[in-house]
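There are 2 protein chains.
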Amino acid sequence: MLSKAKVKYLSSLKSKKFRQKYNNFVAEGDKIAIEILKNAQNSTAVFTTEIEAIYGLSEWIENNTSLLQPFQAITTEVDKVTLQKISSLQTPNQALIVLKTFDYSPDKAVIQSDFTLLLDEIQDPGNLGTILRIADWFGIKNIICSKDCADLYNPKTIQATMGAFLRVKTFRVDLTEFCATFKELPVYGAVLGGSNLFQTQLEKKALIVIGNEGKGISESMLQLLTHRIEIPANGQAESLNAAIATGIICAAFRNL
Amino acid sequence: MLSKAKVKYLSSLKSKKFRQKYNNFVAEGDKIAIEILKNAQNSTAVFTTEIEAIYGLSEWIENNTSLLQPFQAITTEVDKVTLQKISSLQTPNQALIVLKTFDYSPDKAVIQSDFTLLLDEIQDPGNLGTILRIADWFGIKNIICSKDCADLYNPKTIQATMGAFLRVKTFRVDLTEFCATFKELPVYGAVLGGSNLFQTQLEKKALIVIGNEGKGISESMLQLLTHRIEIPANGQAESLNAAIATGIICAAFRNL
Numbered sequence: 001m002l003s004k005a006k007v008k009y010l011s012s013l014k015s016k017k018f019r020q021k022y023n024n025f026v027a028e029g030d031k032i033a034i035e036i037l038k039n040a041q042n043s044t045a046v047f048t049t050e051i052e053a054i055y056g057l058s059e060w061i062e063n064n065t066s067l068l069q070p071f072q073a074i075t076t077e078v079d080k081v082t083l084q085k086i087s088s089l090q091t092p093n094q095a096l097i098v099l100k101t102f103d104y105s106p107d108k109a110v111i112q113s114d115f116t117l118l119l120d121e122i123q124d125p126g127n128l129g130t131i132l133r134i135a136d137w138f139g140i141k142n143i144i145c146s147k148d149c150a151d152l153y154n155p156k157t158i159q160a161t162m163g164a165f166l167r168v169k170t171f172r173v174d175l176t177e178f179c180a181t182f183k184e185l186p187v188y189g190a191v192l193g194g195s196n197l198f199q200t201q202l203e204k205k206a207l208i209v210i211g212n213e214g215k216g217i218s219e220s221m222l223q224l225l226t227h228r229i230e231i232p233a234n235g236q237a238e239s240l241n242a243a244i245a246t247g248i249i250c251a252a253f254r255n256l
Numbered sequence: 001m002l003s004k005a006k007v008k009y010l011s012s013l014k015s016k017k018f019r020q021k022y023n024n025f026v027a028e029g030d031k032i033a034i035e036i037l038k039n040a041q042n043s044t045a046v047f048t049t050e051i052e053a054i055y056g057l058s059e060w061i062e063n064n065t066s067l068l069q070p071f072q073a074i075t076t077e078v079d080k081v082t083l084q085k086i087s088s089l090q091t092p093n094q095a096l097i098v099l100k101t102f103d104y105s106p107d108k109a110v111i112q113s114d115f116t117l118l119l120d121e122i123q124d125p126g127n128l129g130t131i132l133r134i135a136d137w138f139g140i141k142n143i144i145c146s147k148d149c150a151d152l153y154n155p156k157t158i159q160a161t162m163g164a165f166l167r168v169k170t171f172r173v174d175l176t177e178f179c180a181t182f183k184e185l186p187v188y189g190a191v192l193g194g195s196n197l198f199q200t201q202l203e204k205k206a207l208i209v210i211g212n213e214g215k216g217i218s219e220s221m222l223q224l225l226t227h228r229i230e231i232p233a234n235g236q237a238e239s240l241n242a243a244i245a246t247g248i249i250c251a252a253f254r255n256l
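As you go down the protein sequences, you meet chains U and F in turn. So the first sequence is numbered by my numbering: it starts at 1 and just counts up by one. So the second sequence is numbered by my numbering: it starts at 1 and just counts up by one.
In isolation and in its complexed conformation, chain U is listed as follows:
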């Protein structure tokens, strides 16, 4: 049984205000939980994750005894009713882990030698998480978010990453300042009337700006674009979902 105060604290992490207050966030579900446990014990992990507490149903704890071995002191068995109370999922899934928010820095050398995504006010946590998952697939190491992007630690973001948040670093910065520190890199952005993504010679060391779901790329970032590209349309749709566009652009940069 968890104390009322503990349930209240864990539930509070559903809100950004309390995640920032405590520097903690929650990741949920059997699959992500197991990935976190493996990552924490992997000496070659991309970066260290600090586990603060683990909550699991009795069966789940039994099924994962060896993975949980080093974390016995911070593992607590909970029943289904309690898990429901502290979970953000409609159908809670066996386990919930509380993590410290990350404290890492951008890999300047990596940014200079590969392409990096710059998210210009991506609003939907699901889209942000899906973009991390895309980055993870294509081996992109850093995602640079504008300050008004959705929160990485939002439970919906974490859920949509499918574990990618353990391998892709995400930063919140002023995007124009960030571009200023990488003046040598070309800055790509998808805009109407840009050159056909599939018929353009793409420079592989680059910054790629992904615009907001409704408004596209902001005025200040448009001014910094050195290359305007477009995903050619053959139908009548007005736009593509931001994450879908990101997937297609990343595929083109990695493979064409």
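Just so you know, these hints were derived from the structure itself, not from any lab. Mixed in with the good hints, there may be bad ones.
Since copy identity is lost for identical chains, a pair holds within one copy or between any two.
Straight-line C-alpha distance at most 30 Å; calculated DSS-like pairs for lysine-lysine [to be verified]:
| id | residue 1 | residue 2 |
| --- | --- | --- |
| 1 | K183 | K141 |
| 2 | K80 | K215 |
| 3 | K204 | K21 |
| 4 | K14 | K156 |
| 5 | K31 | K215 |
| 6 | K183 | K31 |
| 7 | K85 | K14 |
| 8 | K14 | K80 |
| 9 | K205 | K141 |
| 10 | K204 | K100 |
| 11 | K215 | K38 |
| 12 | K31 | K156 |
| 13 | K38 | K21 |
| 14 | K6 | K156 |
| 15 | K85 | K156 |
| 16 | K141 | K215 |
| 17 | K17 | K156 |
| 18 | K156 | K100 |
| 19 | K85 | K16 |
| 20 | K85 | K204 |
| 21 | K147 | K108 |
Using the hints, position chain F against chain U.
Below, chain F alone, put in the same frame as chain U:
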């Protein structure tokens, strides 16, 4: 003011059972509503949409008088509280339209002359809607769903299409039977170990199978694949979101 019975009927359309009983579904929000009104008055529309009823806030009705002109008899002003009651959105957005479910048939000649998506148990309504939006972008005319796919008329699907459901025809069929009627067409599917999508000569008249979010392509459909492809990965992610994979595959088929 709507009668209690009317509110109950409109709310019932959130559930598949009642959508099937009445052959009606709901599309919501200012942008989609306006698209529907334009589509219904467009003699070159891809197919006819039958509007059964329109509900809007007074301002919205005033702002769209000319578009609403032919539909005066079936337009009803509602207040915010009522709109909230009948809406599936967390934040209802000005207008809600009730439509007849579609009654169209597959364009055999189009299927034989282009590529067509076959959705093998896509479960998430948001993914299904996003896939329609992708098809709309790339000018794909038909989407063939397995019988266990998410419902096209689910409010979440319709919302995610951003209006694409007005231009892309979606069918529910037995996929193996469907393939049997188009024996002359190659059948592509993304599977681990398939040939690199970006280094493969793609036949542009084809059927492309998109697998379930968790399980991938089903056993029975795997057997029907004539071409196994793969989106090459450079990172450690286990998989891509089904809609993201669809976007990348469609981009490759249209543009490579």
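We went through each hint and held it up to the structure:
{"no.": "1", "hint": "K183 / K141", "result": "within (19 Å within a copy, 44 Å between copies)"}
{"no.": "2", "hint": "K80 / K215", "result": "between (42 Å within a copy, 26 Å between copies)"}
{"no.": "3", "hint": "K204 / K21", "result": "neither (39 Å within a copy, 54 Å between copies)"}
{"no.": "4", "hint": "K14 / K156", "result": "both (10 Å within a copy, 23 Å between copies)"}
{"no.": "5", "hint": "K31 / K215", "result": "between (35 Å within a copy, 14 Å between copies)"}
{"no.": "6", "hint": "K183 / K31", "result": "neither (40 Å within a copy, 39 Å between copies)"}
{"no.": "7", "hint": "K85 / K14", "result": "both (11 Å within a copy, 26 Å between copies)"}
{"no.": "8", "hint": "K14 / K80", "result": "both (18 Å within a copy, 28 Å between copies)"}
{"no.": "9", "hint": "K205 / K141", "result": "within (13 Å within a copy, 37 Å between copies)"}
{"no.": "10", "hint": "K204 / K100", "result": "neither (34 Å within a copy, 49 Å between copies)"}
{"no.": "11", "hint": "K215 / K38", "result": "between (40 Å within a copy, 23 Å between copies)"}
{"no.": "12", "hint": "K31 / K156", "result": "both (15 Å within a copy, 25 Å between copies)"}
{"no.": "13", "hint": "K38 / K21", "result": "within (27 Å within a copy, 49 Å between copies)"}
{"no.": "14", "hint": "K6 / K156", "result": "within (22 Å within a copy, 35 Å between copies)"}
{"no.": "15", "hint": "K85 / K156", "result": "both (17 Å within a copy, 26 Å between copies)"}
{"no.": "16", "hint": "K141 / K215", "result": "both (26 Å within a copy, 27 Å between copies)"}
{"no.": "17", "hint": "K17 / K156", "result": "both (16 Å within a copy, 29 Å between copies)"}
{"no.": "18", "hint": "K156 / K100", "result": "within (17 Å within a copy, 33 Å between copies)"}
{"no.": "19", "hint": "K85 / K16", "result": "both (18 Å within a copy, 29 Å between copies)"}
{"no.": "20", "hint": "K85 / K204", "result": "neither (47 Å within a copy, 51 Å between copies)"}
{"no.": "21", "hint": "K147 / K108", "result": "within (20 Å within a copy, 50 Å between copies)"}
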